[in-house]
Amino acid sequence: MTLSLWPLVGIAIVVIGFAIRAHPLAVVIAAAFGSGLGAGLSIPEVIAAMGKAFHQNRYVSVPWLTLPVIGLLERAGLQEQASALISRTRAATASRILLIYLGLRQITAALGLTQIAGHAQTVRPLLAPMVEAASERDNPAITEPERNDVKAMAAATDNVGIFFGEDIFLAIASILLIKGFLESANIIVQPLELSVWAIPTAIAAFAVHGTRLWRMGRAK
Amino acid sequence: MIGLPALYALTGLMFGGWAIATLLDRGHGKRLAGAAFWGLLAVEFLAGDALGDMGNGVLLLALVALALAGAPGKGQAATTTPAERQASARRRGNRLFLPALIMPGVALAGTFVFPALGNLVDPKQVTLVSLGLGALIAVAVLMIWLRPPNSAPVGEGRRLAEGVGWAMVLPQLLASLGALFTVTGVGDIVGSLAPLAIPDGSRLAAVVAFTGGMAVFTILMGNAFAAFPVLMGGIGLPVLVQAMGASPVVVGAVGMLAGFCGTLLSPMAANFNIVPAALLGLPDRYAVIRAQWATAVPLWLFNTAMIWGFAFR
Chain A
1 MTLSLWPLVG IAIVVIGFAI RAHPLAVVIA AAFGSGLGAG LSIPEVIAAM
51 GKAFHQNRYV SVPWLTLPVI GLLERAGLQE QASALISRTR AATASRILLI
101 YLGLRQITAA LGLTQIAGHA QTVRPLLAPM VEAASERDNP AITEPERNDV
151 KAMAAATDNV GIFFGEDIFL AIASILLIKG FLESANIIVQ PLELSVWAIP
201 TAIAAFAVHG TRLWRMGRAK
Chain B
1 MIGLPALYAL TGLMFGGWAI ATLLDRGHGK RLAGAAFWGL LAVEFLAGDA
51 LGDMGNGVLL LALVALALAG APGKGQAATT TPAERQASAR RRGNRLFLPA
101 LIMPGVALAG TFVFPALGNL VDPKQVTLVS LGLGALIAVA VLMIWLRPPN
151 SAPVGEGRRL AEGVGWAMVL PQLLASLGAL FTVTGVGDIV GSLAPLAIPD
201 GSRLAAVVAF TGGMAVFTIL MGNAFAAFPV LMGGIGLPVL VQAMGASPVV
251 VGAVGMLAGF CGTLLSPMAA NFNIVPAALL GLPDRYAVIR AQWATAVPLW
301 LFNTAMIWGF AFR
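Which chain is which? The protein sequence lines are A and B, in order.
By our numbering, the letter at position 154 of the first sequence is numbered 154, and the numbering carries on one by one without gaps.
By our numbering, the letter at position 205 of the second sequence is numbered 205, and the numbering carries on one by one without gaps.
Simulated from the structure, these hints should not be mistaken for lab results.
Quick caveat: nothing in here was measured; it's all calculated off a predicted structure.
The C-beta atom is built at its ideal place from N, Cα and C for all residues, glycine as well.
One should not assume that every hint holds.
Said to hold, decoys possible - Distance condition first, Cα-Cα at most 20 Å in a straight line; then the derived DMTMM-like pairs of lysine to aspartate or glutamate:
(1) B/Lys30 x B/Asp284
(2) B/Lys74 x B/Asp122
(3) A/Lys52 x B/Asp49
(4) A/Lys52 x B/Asp25
(5) B/Lys74 x A/Glu45
As the list claims (entries may be wrong) - Between beta-carbon pairs, the in silico distance windows are:
(6) A/Asn139 x B/Gln242: 54 to 64 Å
(7) B/Ala83 x A/Thr211: 13 to 23 Å
(8) A/Ile43 x B/Gly201: 38 to 48 Å
(9) A/Ile43 x B/Leu32: 42 to 52 Å
(10) A/Pro191 x B/Gln76: 32 to 42 Å
(11) B/Leu32 x A/Trp6: 38 to 48 Å
(12) A/Asn139 x B/Leu117: 24 to 34 Å
(13) A/Glu183 x B/Ala243: 39 to 49 Å
(14) A/Leu104 x B/Ala294: 49 to 59 Å
(15) A/Ala171 x B/Asp49: 24 to 34 Å
Stated by the list, open to error - Facing chain B, according to a computed beta carbon distance under 7 Å, are these residues of chain A, among others:
(16) Asn57
(17) Glu80
(18) Ala92
(19) Lys151
(20) Met153
(21) Gln190
(22) Pro191
(23) Leu192
(24) Glu193
(25) His209
(26) Trp214
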């Protein structure tokens with residue numbers, strides 16, 4: 001039997017949809033129907049399959065429970081305090097703050113502490129206001145796009161830190177997935193063997209992203 | 001045993017609170033649509049078990065329809081003015097950082113303490129339970145210390161959630177699309193086509209096809225976990241390991257990291273790339289991805305070189 005290629009319609013819809021910047025929610029629904037109908041499901045079957053998956057994936061939305069906490073902290077002036085602290089500390093430049101954050105995020109993630117920081121927990125209330133305040137202090141003529149670039153770099157630094165730190169931890173999901181996959185092919189490996197091979201890339205990530213952060217500070 | 005059901009109930013109650021607050025917010029531009037949006041999410045989390053697959057699917061379509069019509073919109077959640085925040089920051093100073101440490105602290109403590117308490121907490125859900133507990137404790141401490149109005153946790157949470165907007169449901173929706181792609185066999189098709197892209201016997205071409213496939217398929221799926229079995233099953237194991245004698249450890253471990261480089265470039269990885277842009281109020285939805293590509297591309301080259309250089313010794 002030759003393999004039908006029609007389910008790939010869903011992938012094509014995703015690519016085209018994001019390329020033309022269509023509404024992402026509409027793209028996902030269209031891709032679901034494209035792939036589902038392509039695979040020979042009926043319309044009600046696609047709706048039921050998506051409903052089942054949406055229900056099973058509720059845990060993805062549980063971290064929104066942090067929003068009330070962050071909101072209350074902001075209400076009390078946490079962002080303002082973070083800015084004030086940095087404005088007074090001349091040594092704390094935007095690039096140094098991000099470099100330190102990158103290192104700490106990689107090290108804590110390597111110890112399995114992936115949940116102690118994140119975009120809602122630390123980037124919005126602390127890191128972004130800090131680098132914004134530092135950039136403002138060192139460049140009073142900063143433009144709105146430059147300000148947004150610095151904030152985007154704060155979010156990017158959190159991502160790079162967690163992605164290229166967590167695989168050094170033995171019990172992280174990705175390591176267990178690799179181990180499980182190889183085991184199903186009768187290749188037995190220990191988590192430690194795998195996580196050791198995450199170390200060179202972790203160092204390279206710090207070098208590459210750290211260089212970009214350092215140059216960001218020199219560019220002014 | 002405390003596990004996902006308790007967390008879902010708590011999350012559902014939060015969404016329900018936002019629905020009611022939106023309904024009561026006379027100055028809300030999309031009052032009814034916004035209330036319906038949060039209300040449907042509350043129903044999904046509190047009563048989704050009773051809806052059945054079809055019911056959940058219809059609810060999902062209604063959520064997306066509301067979002068396309070402008071939900072959840074922006075209301076006028078009561079909060080403090082910039083001047084009040086400045087005054088509060090001056091008065092309370094660096095003590096404000098302490099409650100910000102409650103959630104990380106509880107996450108840290110829970111990781112070590114919960115497994116020792118036997119079956120009190122579902123061992124598979126220690127991280128999420130710690131997160132939920134940390135949020136509850138932090139809200140309690142902040143309410144006692146700061147004495148804001150009783151509605152403040154709901155109101156402040158809603159203010160942030162409205163800032164994120166429809167992207168609130170995007171991560172869960174994308175996870176569902178990934179599950180549907182599994183049902184329709186998208187992974188199997190890609191896995192069977194991938195080896196066709198490799199010229200016979202070229203080791204470098206095979207490595208590039210593997211790491212490139214990991215990156216590209218991760219960009220498309222938004223998740224390296226979805227790409228890994230496909231590319232490892234299609235190229236990594238049969239071509240690199242079994243035919244060319246590469247080390248499965250290096251191919252597996254570094255191949256996954258090549259996929260992570262794709263995550264940095266994927267709008268489908270909404271949690272990491274799209275949601276933060278919304279949380280930070282950046283006008284460009286893809287601003288975080290633009291900030292990441294110059295890190296992702298060199299790192300992908302590095303990972304490719306690692307496999308090429310060290311997997312075949």
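For each hint, the structure was consulted:
For the proposed pair B/Lys30 and B/Asp284, the alpha carbon gap of about 23 Å is over 20 Å, so the pair is violated. A hinted pair counts as satisfied when its Cα atoms are at most 20 Å apart, and B/Lys74 with B/Asp122 does not qualify at roughly 37 Å. A distance of roughly 10 Å separates the Cα atoms of A/Lys52 and B/Asp49; the hinted pair therefore holds under the 20 Å criterion. For the hint linking A/Lys52 to B/Asp25, the alpha-carbon distance of about 33 Å lies beyond 20 Å, and the restraint is violated.
Pair hint B/Lys74 plus A/Glu45 does not hold up; C-alpha atoms about 35 Å apart against a cutoff of 20 Å. Taking 54 to 64 Å as the suggested C-beta distance range, the pair A/Asn139 and B/Gln242 conforms, at roughly 56 Å. Remark: the range hint 13 to 23 Å for B/Ala83 to A/Thr211 is contradicted by a beta-carbon distance near 41 Å. In this structure the hint that A/Ile43 and B/Gly201 lie 38 to 48 Å apart at CB holds, the actual value being about 47 Å.
Evaluation of the 42 to 52 Å hint for A/Ile43 and B/Leu32 yields a failure: the beta carbon distance comes to about 28 Å. Between A/Pro191 and B/Gln76 the beta carbons are some 51 Å apart, a value that contradicts the proposed interval 32 to 42 Å. Look at B/Leu32 against A/Trp6: about 40 Å separates their beta carbons, and that is inside 38 to 48 Å. A hinted range of 24 to 34 Å is violated for the C-beta pair A/Asn139 and B/Leu117, which are about 51 Å apart.
A/Glu183 and B/Ala243 have their C-beta atoms about 20 Å apart, which leaves the hinted 39 to 49 Å range violated. Distance hint for A/Leu104 and B/Ala294: a CB-CB separation of about 22 Å, inconsistent with the stated range 49 to 59 Å. A C-beta distance of roughly 30 Å is found between A/Ala171 and B/Asp49, which places it inside the suggested range of 24 to 34 Å. For A/Asn57, the suggested interface contact is upheld, since its CB lies about 4 Å from the closest CB of chain B, less than 7 Å.
Taken as an interface hint, A/Glu80 checks out: its beta carbon lies about 4 Å from the nearest beta carbon of chain B, inside 7 Å. About 14 Å separates the beta-carbon of A/Ala92 from the nearest beta-carbon of chain B, more than 7 Å, and the hint is not met. Here the hint on A/Lys151 is kept, as its CB sits about 5 Å from the closest CB of chain B, short of 7 Å. With 7 Å as the threshold, the beta carbon of A/Met153 comes within range of chain B, its nearest partner Cβ sitting at about 5 Å, so the hint holds.
For the restraint placing A/Gln190 at the interface with chain B, the shortest Cβ-Cβ distance is roughly 9 Å, beyond the 7 Å limit, so the hint is violated. The closest approach between the C-beta of A/Pro191 and any C-beta of chain B is roughly 10 Å, which is over the 7 Å cut-off, so the hint fails. Evaluation of the A/Leu192 hint against chain B yields a violated restraint, the C-beta minimum of about 10 Å exceeding 7 Å. At about 5 Å, the closest approach between the beta carbon of A/Glu193 and any beta carbon in chain B falls short of 7 Å, and the interface hint on this residue holds.
Interface hint at A/His209: satisfied, since its Cβ lies 5 Å from the closest Cβ of chain B, which is below the 7 Å cut-off. Hint status for A/Trp214 relative to chain B: violated, with the closest Cβ pair at about 13 Å, above 7 Å.
Violated hints for the displayed structure, listed by number in ascending order: 1, 2, 4, 5, 7, 9, 10, 12, 13, 14, 18, 21, 22, 23, 26.
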